[in-house]
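> One line per chain: the protein sequences are D and P, in this order.
The C-terminal residue of the first sequence carries number 200 in this note's numbering, and the numbering is unbroken.
The C-terminal residue of the second sequence carries number 359 in this note's numbering, and the numbering is unbroken.
Hints in this document: simulated from the structure, not taken from any laboratory.
Any given hint could turn out to be false.
[To be verified] Label-pair restraints from in silico Cβ distances: (1) D:Ala19 to P:Ala271: 15 to 23 Å; (2) D:Glu103 to P:Met346: 45 to 53 Å; (3) P:Thr224 to D:Arg36: 23 to 31 Å; (4) P:Glu223 to D:Arg193: 17 to 25 Å; (5) D:Arg36 to P:His211: 37 to 45 Å; (6) P:Glu223 to D:Asp32: 28 to 36 Å; (7) P:Pro345 to D:Gly70: 15 to 23 Å; (8) P:Ala276 to D:Asp136: 39 to 47 Å; (9) P:His261 to D:Ala29: 53 to 61 Å.
All C-beta atoms in this analysis are idealised placements derived from N, C-alpha and C, irrespective of residue type, glycine included.
As a plain string of letters, each chain reads:
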Amino acid sequence: MDRPEEGGPRQTPLDRDRALVEVAQADPARFDALYRKYVAQVYSYAYYELRDHHEAEDATERTFMSALAGLNRFEERATPTDGEGASTFRVWLFQIARNAVAERRRRLRRRPEAPLDAAEMVPATIDVEDGAARRDDVTAALRAIGRLPDDRRRALTLRFIEEMSTAEIAGVLGRSEGAVRVLIHRALRSVARDLGDPRR
Amino acid sequence: MTWAPTDRDSHDVDALVTDRYLETLLVAHARGADSGPAPIEADPDLRRTMARLARDLPRFHPSFRFEEALANRLAAEAAHMRASAVDPPAPTILPDGAIRIDAPSDIRLAMGRPLWIGGAITSAALSLAGAAFLAWRLRRPPASPMARAVRAVARARLS
Chain D
1 MDRPEEGGPR QTPLDRDRAL VEVAQADPAR FDALYRKYVA QVYSYAYYEL RDHHEAEDAT
61 ERTFMSALAG LNRFEERATP TDGEGASTFR VWLFQIARNA VAERRRRLRR RPEAPLDAAE
121 MVPATIDVED GAARRDDVTA ALRAIGRLPD DRRRALTLRF IEEMSTAEIA GVLGRSEGAV
181 RVLIHRALRS VARDLGDPRR
Chain P
201 MTWAPTDRDS HDVDALVTDR YLETLLVAHA RGADSGPAPI EADPDLRRTM ARLARDLPRF
261 HPSFRFEEAL ANRLAAEAAH MRASAVDPPA PTILPDGAIR IDAPSDIRLA MGRPLWIGGA
321 ITSAALSLAG AAFLAWRLRR PPASPMARAV RAVARARLS
């Protein structure tokens, strides 16, 4: 029974992906719309975590295959406090992505490979469009992000790259919103020190 | 009674202020605004860092080739799931009188191995099917040495 006045979870029509999820649950062939909407986000998240295009592709593939297979088990859990643009489907999808990435990382630890340098992550088009100075800025930002502990980097990536709300990140990482805010705050302090240090 | 903030409270407040500033910054960034939001109490160093990360961190895209290949794989899997849901698997009658139903390949329903109906009946509906089939087999006259052997085994199990 719904008892929102007690602050418990309840279903609301707030999830922005509700319509797409419902048609995909009725007909798996309609999953394509959700896939197209989120493939770049999931891939980008996986690439920031794994720093290898092939590994990121593999994690992305596993994420969407698992999501398609388990779509009928997904239950929307948006609450009014999540705000108008909230997507519990996206949170669910990124929980799957987090697990897929963790599995790839475990495999990579068993078979160690040299991680790519941040400079190699910078898209080649930046040179042409914006010049070397811009490329240096992007490289420095990526390097600073790469030096963060895993949980801080993950929270920062989800906030800046995926532009998730604190509530969504809390859902993906399985932590409280307060803990996520502190993680991001500390990550920003580390990055600020890093970017301000001329020796780096 | 007086109340003094602890270090932890202070961190939480700083984090909340940073979060509020970041929220407005990212909204402004998404709108394509040239300047950031009006500065609130957030630390100036952090404000600069946030603006820089919002500007400099790229979002990586998968290759078109990969995206289309995965879309095709998902479409094939979706078609397979739909077909499995529409056409239930046909039962196979085995020489020893048991019925075998291969589990569908649909990942939601897959059990990893065939479902056997014979000595061990797994559900009420399947029990009825198994009992009806067994009664039919027992009433049927022997047509071959194999069938006779099957009946003999069935009688031995029932007695």
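> Take the C-beta atom of Glu223 of chain P and the C-beta atom of Arg193 of chain D, compute their distance, and say whether it sits inside 17 to 25 Å.
Given range 17 to 25 Å: holds, Cβ gap about 23 Å.
> Holds or violated: 28 to 36 Å for the Cβ distance of Glu223 of chain P and Asp32 of chain D?
holds, 32 Å
> For the pair His261 of chain P and Ala29 of chain D, does the Cβ-Cβ distance stay inside 53 to 61 Å?
violated, 24 Å
> Can the suggested window of 39 to 47 Å be confirmed for the beta-carbon pair Ala276 of chain P and Asp136 of chain D?
holds, 44 Å
> Given the hint of 45 to 53 Å, is the C-beta distance from Glu103 of chain D to Met346 of chain P inside that range or not?
Distance hint for Glu103 of chain D, Met346 of chain P holds at roughly 49 Å.
> Cβ-Cβ distance between Ala19 of chain D and Ala271 of chain P: within 15 to 23 Å?
holds, 20 Å
> Kindly confirm whether 15 to 23 Å is satisfied by the beta carbon distance between Pro345 of chain P and Gly70 of chain D.
The hinted range 15 to 23 Å is violated for Pro345 of chain P and Gly70 of chain D, with Cβ atoms some 50 Å apart.
> Between the beta carbons of Thr224 of chain P and Arg36 of chain D, is the distance compatible with 23 to 31 Å?
Given about 30 Å between the Cβ atoms, the range holds.
> Does 37 to 45 Å hold as the CB distance between Arg36 of chain D and His211 of chain P, or does it fail?
At roughly 40 Å between Cβ atoms, His211 of chain P and Arg36 of chain D fall inside 37 to 45 Å, so the hint holds.
Hint check: violations occur at hints 7 and 9; the rest are consistent with the structure.
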